[in-house]
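K.L.:
Spelled out, the chains give:
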Amino acid sequence: MANTTINPTRMELTRLKGRLRTASRGHKLLKDKRDELMKQFLEIVRRNKELRKRVERGLEQANGAFTIAAAVMSPEMLEQSLLYPKQSVELEVGSRNMMSVNVPTYTFHTRNEDPADIFPYGFAQTSGELDAALEALSSVFRDMLELAEVEKTMQLLAQDIEKTRRRVNALEYVMIPDLQKNIRYISMKLEENERGNITRLMKVKDMILQQAHDFK
Amino acid sequence: MSKIAVLGDRDSILGFKALGLEVLFAEDRDRAAKELHRLAREEYAIIYITEDLAQTMMADIEKYHDKPAPAVILIPGRSGSLGVAQGALKAAVERAVGADIS
Numbered sequence: 001m002a003n004t005t006i007n008p009t010r011m012e013l014t015r016l017k018g019r020l021r022t023a024s025r026g027h028k029l030l031k032d033k034r035d036e037l038m039k040q041f042l043e044i045v046r047r048n049k050e051l052r053k054r055v056e057r058g059l060e061q062a063n064g065a066f067t068i069a070a071a072v073m074s075p076e077m078l079e080q081s082l083l084y085p086k087q088s089v090e091l092e093v094g095s096r097n098m099m100s101v102n103v104p105t106y107t108f109h110t111r112n113e114d115p116a117d118i119f120p121y122g123f124a125q126t127s128g129e130l131d132a133a134l135e136a137l138s139s140v141f142r143d144m145l146e147l148a149e150v151e152k153t154m155q156l157l158a159q160d161i162e163k164t165r166r167r168v169n170a171l172e173y174v175m176i177p178d179l180q181k182n183i184r185y186i187s188m189k190l191e192e193n194e195r196g197n198i199t200r201l202m203k204v205k206d207m208i209l210q211q212a213h214d215f216k
Numbered sequence: 217m218s219k220i221a222v223l224g225d226r227d228s229i230l231g232f233k234a235l236g237l238e239v240l241f242a243e244d245r246d247r248a249a250k251e252l253h254r255l256a257r258e259e260y261a262i263i264y265i266t267e268d269l270a271q272t273m274m275a276d277i278e279k280y281h282d283k284p285a286p287a288v289i290l291i292p293g294r295s296g297s298l299g300v301a302q303g304a305l306k307a308a309v310e311r312a313v314g315a316d317i318s
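Chains as they are written, first to last, in our numbering: chain F, 1 to 216; chain V, 217 to 318.
Derived by calculation from the structure, the hints in this document are not laboratory data.
Hints may contain errors.
What the hints assert, rightly or not - With a straight-line Cα cutoff of 30 Å, these simulated DSSO-like cross-link-like pairs (lysine-lysine) come out:
no., chain 1, residue 1, chain 2, residue 2
1, F, LYS163, V, LYS279
2, V, LYS233, F, LYS86
3, F, LYS216, F, LYS205
4, F, LYS163, F, LYS28
5, F, LYS39, V, LYS233
6, V, LYS233, F, LYS163
7, V, LYS219, F, LYS33
8, F, LYS39, V, LYS250
9, F, LYS49, V, LYS283
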């Protein structure tokens with residue numbers, strides 16, 4: 001915009017003033033949006049950290065129990081006991097509008113409602129550690145699902161904040177200063193023309209007076 | 217109805233099978249990346265990946281950061297937390313704020 005030539009006319013001036021008004025208003029709105037997004041984002045980040053810590057602790061426990069189970073049982077036996085799951089999970093994906101960012105929400109349905117009835121094997125040939133591992137896993141699963149929701153929300157918000165931040169900066173540091181500069185240029189030019197006009201009129205008046213004087 | 221998949225090495229994720237999740241074993245990078253892209257095309261809404269596997273294919277995972285689905289979530293594998301997920305969190309914060317604030 002800086003290099004384009006602009007016509008120093010009144011019409012252009014009005015147009016630019018209108019654009020400046022719109023740009024300033026847009027800038028203010030976007031700035032507010034950015035601030036609010038940021039506030040929610042930081043809250044989500046805090047929640048994410050907390051959930052991740054919980055999930056990692058839970059999975060560590062489950063993995064520990066699982067390792068012991070794998071050591072006690074033969075690999076074939078272990079595989080066989082988990083081969084056909086009794087439980088199945090279906091996920092319903094909704095979406096929620098969060099400051100005009102569509103973030104997913106997850107609700108899950110399990111085929112088997114009873115949380116104690118998830119073991120897909122008979123207890124006679126498996127070790128107790130496997131039960132413990134599965135129990136730990138199933139208790140951490142709810143947190144894992146929430147973690148997925150929160151983490152996805154965080155990623156989408158981060159993307160949108162970046163976009164908004166760029167827009168705010170573009171308006172603040174490029175668009176608005178440019179418009180102001182052009183408006184100043186036009187009004188200076190118009191004033192200069194006005195002054196030129198006045199001097200010319202004075203000069204003409206002087207010449208006419210001189211002519212009238214000479215005729216007498 | 218969407219599904220949930222778990223991607224990782226055999227020992228880390230075998231247990232998820234009992235919970236009714238789709239479990240896919242992938243030991244090396246290329247296979248895992250291929251599986252990930254296939255899952256993303258299909259109706260999987262959440263894909264969990266073990267950190268061990270994820271850190272070899274971060275570029276593939278980051279492709280899905282900006283898309284509403286699927287959610288690719290890192291979980292610690294058998295060897296415990298590697299801090300890859302925390303790193304990703306930090307990167308997201310940095311991206312949004314424009315500076316490292318933690």
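K.L.:
Is the Cα-Cα distance between LYS233/V and LYS163/F 30 Å or less?
P.N.:
With a Cα-Cα distance of about 39 Å, the restraint between LYS233/V and LYS163/F is violated, given a limit of 30 Å.
K.L.:
Checking one constraint from the list: CA of LYS39/F to CA of LYS233/V, max 30 Å. Satisfied?
P.N.:
violated (38 Å)
K.L.:
Under the criterion that the straight-line Cα-Cα distance not exceed 30 Å, is the pair LYS39/F, LYS250/V satisfied?
P.N.:
The given pair, whose Cα atoms are some 37 Å apart, is violated under the 30 Å limit.
K.L.:
Are the Cα positions of LYS219/V and LYS33/F separated by 30 Å at most?
P.N.:
violated (34 Å)
K.L.:
CA of LYS163/F to CA of LYS28/F, is that 30 Å or under?
P.N.:
holds (15 Å)
K.L.:
Compare the distance between the alpha carbons of LYS233/V and LYS86/F with 30 Å, and conclude whether the hinted pair is satisfied.
P.N.:
holds (9 Å)
K.L.:
Does LYS205/F lie within 30 Å of LYS216/F when you go C-alpha to C-alpha?
P.N.:
holds (17 Å)
K.L.:
For the pair supplied as a hint, LYS163/F and LYS279/V, is the alpha-carbon distance within the 30 Å limit?
P.N.:
holds (17 Å)
K.L.:
Given the hinted pair LYS49/F and LYS283/V, is their alpha-carbon gap at most 30 Å?
P.N.:
OK: LYS49/F and LYS283/V at ~22 Å, within 30 Å.
This entry does not satisfy hints 5, 6, 7 and 8, going by the numbered hints stated previously.
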